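Note that the protein sequences, when read in sequence, are chains C and S.
The numbering of the first sequence is the numbering used here, which starts it at 1 and goes up by one.
The numbering of the second sequence is the numbering used here, which starts it at 1 and goes up by one.
To be clear, the hints were calculated from the coordinates, so they are not data collected in a lab.
Predicted model, so just to flag it, every value in this text is computed and none were measured.
Any given hint might turn out to be false.
[Claimed, not checked] Pairs of lysine-lysine, BS3-like flavour, derived with a Cα cap of 27 Å:
hint : chain 1 : residue 1 : chain 2 : residue 2
1    : S       : Lys-42    : C       : Lys-115
2    : C       : Lys-228   : C       : Lys-115
3    : S       : Lys-314   : C       : Lys-42
4    : S       : Lys-42    : S       : Lys-147
5    : S       : Lys-147   : S       : Lys-65
6    : C       : Lys-314   : S       : Lys-115
7    : C       : Lys-147   : C       : Lys-65
8    : S       : Lys-42    : C       : Lys-314
Number of protein chains: 2
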Amino acid sequence: MTNPAPLCEIWRGPLAESTHVGHAVICDDTGQIVEAWGDPGKTILPRSSAKMLQALPLIESGAAKAHGLSTEQLALACASHNGAEIHTSRVTQWITGLGLTDDDFRCGAHLPFGKEESEAMIRSGATPCQVHNNCSGKHAGFLTLTKHMGWGPEYVEPDHPLQKAALEAFEEVTGEKSPGFGIDGCSAPNFATTMHGMARAMARFASASEGANARQSAAVQLWQAMVKHPELVAGETRACTELMRACSEPVALKTGAEGFFIAIIPGRKLGIAVKAADGATRAAECTIAALLVRLGLLEAEHPAALKVMNAPIKNWRGIETGRIVPAAALR
Amino acid sequence: MTNPAPLCEIWRGPLAESTHVGHAVICDDTGQIVEAWGDPGKTILPRSSAKMLQALPLIESGAAKAHGLSTEQLALACASHNGAEIHTSRVTQWITGLGLTDDDFRCGAHLPFGKEESEAMIRSGATPCQVHNNCSGKHAGFLTLTKHMGWGPEYVEPDHPLQKAALEAFEEVTGEKSPGFGIDGCSAPNFATTMHGMARAMARFASASEGANARQSAAVQLWQAMVKHPELVAGETRACTELMRACSEPVALKTGAEGFFIAIIPGRKLGIAVKAADGATRAAECTIAALLVRLGLLEAEHPAALKVMNAPIKNWRGIETGRIVPAAALR
Numbered sequence: 001m002t003n004p005a006p007l008c009e010i011w012r013g014p015l016a017e018s019t020h021v022g023h024a025v026i027c028d029d030t031g032q033i034v035e036a037w038g039d040p041g042k043t044i045l046p047r048s049s050a051k052m053l054q055a056l057p058l059i060e061s062g063a064a065k066a067h068g069l070s071t072e073q074l075a076l077a078c079a080s081h082n083g084a085e086i087h088t089s090r091v092t093q094w095i096t097g098l099g100l101t102d103d104d105f106r107c108g109a110h111l112p113f114g115k116e117e118s119e120a121m122i123r124s125g126a127t128p129c130q131v132h133n134n135c136s137g138k139h140a141g142f143l144t145l146t147k148h149m150g151w152g153p154e155y156v157e158p159d160h161p162l163q164k165a166a167l168e169a170f171e172e173v174t175g176e177k178s179p180g181f182g183i184d185g186c187s188a189p190n191f192a193t194t195m196h197g198m199a200r201a202m203a204r205f206a207s208a209s210e211g212a213n214a215r216q217s218a219a220v221q222l223w224q225a226m227v228k229h230p231e232l233v234a235g236e237t238r239a240c241t242e243l244m245r246a247c248s249e250p251v252a253l254k255t256g257a258e259g260f261f262i263a264i265i266p267g268r269k270l271g272i273a274v275k276a277a278d279g280a281t282r283a284a285e286c287t288i289a290a291l292l293v294r295l296g297l298l299e300a301e302h303p304a305a306l307k308v309m310n311a312p313i314k315n316w317r318g319i320e321t322g323r324i325v326p327a328a329a330l331r
Numbered sequence: 001m002t003n004p005a006p007l008c009e010i011w012r013g014p015l016a017e018s019t020h021v022g023h024a025v026i027c028d029d030t031g032q033i034v035e036a037w038g039d040p041g042k043t044i045l046p047r048s049s050a051k052m053l054q055a056l057p058l059i060e061s062g063a064a065k066a067h068g069l070s071t072e073q074l075a076l077a078c079a080s081h082n083g084a085e086i087h088t089s090r091v092t093q094w095i096t097g098l099g100l101t102d103d104d105f106r107c108g109a110h111l112p113f114g115k116e117e118s119e120a121m122i123r124s125g126a127t128p129c130q131v132h133n134n135c136s137g138k139h140a141g142f143l144t145l146t147k148h149m150g151w152g153p154e155y156v157e158p159d160h161p162l163q164k165a166a167l168e169a170f171e172e173v174t175g176e177k178s179p180g181f182g183i184d185g186c187s188a189p190n191f192a193t194t195m196h197g198m199a200r201a202m203a204r205f206a207s208a209s210e211g212a213n214a215r216q217s218a219a220v221q222l223w224q225a226m227v228k229h230p231e232l233v234a235g236e237t238r239a240c241t242e243l244m245r246a247c248s249e250p251v252a253l254k255t256g257a258e259g260f261f262i263a264i265i266p267g268r269k270l271g272i273a274v275k276a277a278d279g280a281t282r283a284a285e286c287t288i289a290a291l292l293v294r295l296g297l298l299e300a301e302h303p304a305a306l307k308v309m310n311a312p313i314k315n316w317r318g319i320e321t322g323r324i325v326p327a328a329a330l331r
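Here chain C stands alone, though its shape is the one from the complex:
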């Protein structure tokens, strides 16, 4: 077992006040490691970075086609969205079309991730519904598949046929038997794999060919939907959305809780997985941006890059007090 590697430093004045370590793996279309930092064998939970894996059965089963899902809906199925109107209106319309209501979700309710949306809801005195949950698009996908197959309503139970289908897809695409699962924030099982497995899965997405088989076709549809609708995958001000828009070629990006981040790079047939060992989002965002710069896919001086990498830290009076800097080995 290799130790986690330095990912980034939080500087304040003359001092690296805090430091983040973790793991990062870049895989190619043969499943081999191109470059790695930390421990590629580390077992991880990819959290929401696995949403495009969880969405494979939705397409492979024919459910997406039968329900005429749009690329917007496929992007939402892979999203951890801000709960903005562009997200909630589309998800509500989607489940209404299925003849379902907010009560059919099993993701739980929380205030929108987006600061503006959250403050607007607090001001209005409204109570968040399950559609505001950042995972409601994924759950709308789950509900579509459940309805299409005639399965029971408790679709987040680990022994529900939907989760069994998700596990089968997950293990095949990561190329590893999953050693277990945790229950995610949205109550769905989140299957474990290694850093190598997750990067391999992302490379499988990046190198998939439309029409080669059902799985590859589904993978292509999903990354294409993400790239086409970056604002649906996360939302304004968020790293996923802003970095996808900033890349010089199509790259699908997706954050996950506890410091996860992935990239699918179809033009290079490469996949990336990043995990901050301590679970810090700021470290995962800085690291993925640094790797995109390293691969020549992102200008280091692009505002979206500068927001998360070499980003100034400002205090309550707007004074720059520090900076978040990627580790030298990533540059």
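Given the coordinates of chain C, work out where chain S should sit on it, guided by the hints.
Coordinates of chain S only, in the frame set by chain C:
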């Protein structure tokens, strides 16, 4: 240089999903290390955990006495408060008594730390003032000293006589020359020292005798004020407040940004400094609770301890998905 040591693990299902490492030092009244984890020589910024050091000149100068400061005001001078009414009303009254207004602060404005207070302010459509800044009590202390000494209004400038006095006190009590400073969230300089220096300073507070000299008397007044008014040092639901109330004997506790925490334990003449290397508050809170349990000052089963240590992590539907567990070496 020793590597940071394991502090705690975030478990989800069968997996330690994230891990925190860092440094912790326990010092006695001779300034010697009793126990240490990680690197006692690590240079750190103690952030708001240094507020009682920054408040020493306020008392030593005679300013606190001349202005008749109460123990409540001294506790607020050491506080990172929630911006609740009990905090803001007292700080406002304090600076009004000095003939000053919110504009005389140099801490900047932010929404109250407290969730309830913050949501109430958003609902009301009000804009936060500088008095809502979690550091406004410290700044009221700075303003009191500035007024008493007839110094200029820019009291957060590093070359202002107030900051020079704070540095002198900081270096004497830590027993180390400070190698530099960062600018804090509230715009005041935050002086660097080592983990050993900070734990030594806390032990100096813990072993100070009222009447021995001006510095020791000031130290006693400050920790006593913190212990007497735990609700003013942070606020309801916060770890500082709840853990101070939970300890079986007087212990002054204070969090700091980027994963800092200190304890002053007068009954044992011990001081503790904790720093999560990655800056995570959850790790610092778990570690200080584990050390208080280790020293027999806190029941492991006390609700305040269970909230930060061995604490269940619940998801949006209230399902327990994991747990935060202190490292074996701390137990």
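Against the structure, the hints:
1. S:Lys-42 x C:Lys-115: violated (36 Å)
2. C:Lys-228 x C:Lys-115: With Cα atoms ~24 Å apart, Lys-228 (chain C) and Lys-115 (chain C) stay inside 27 Å; holds.
3. S:Lys-314 x C:Lys-42: holds (25 Å)
4. S:Lys-42 x S:Lys-147: Distance of about 37 Å is beyond 27 Å: violated.
5. S:Lys-147 x S:Lys-65: Holds: Lys-147 (chain S) and Lys-65 (chain S) sit about 13 Å apart, inside 27 Å.
6. C:Lys-314 x S:Lys-115: holds (22 Å)
7. C:Lys-147 x C:Lys-65: Distance ~13 Å between Lys-147 (chain C) and Lys-65 (chain C) Cα, so the pair holds.
8. S:Lys-42 x C:Lys-314: Given that 27 Å is the threshold and the Cα spacing comes to 25 Å, the pair holds.
Going through the hint list in order, the structure does not satisfy hints 1, 4.
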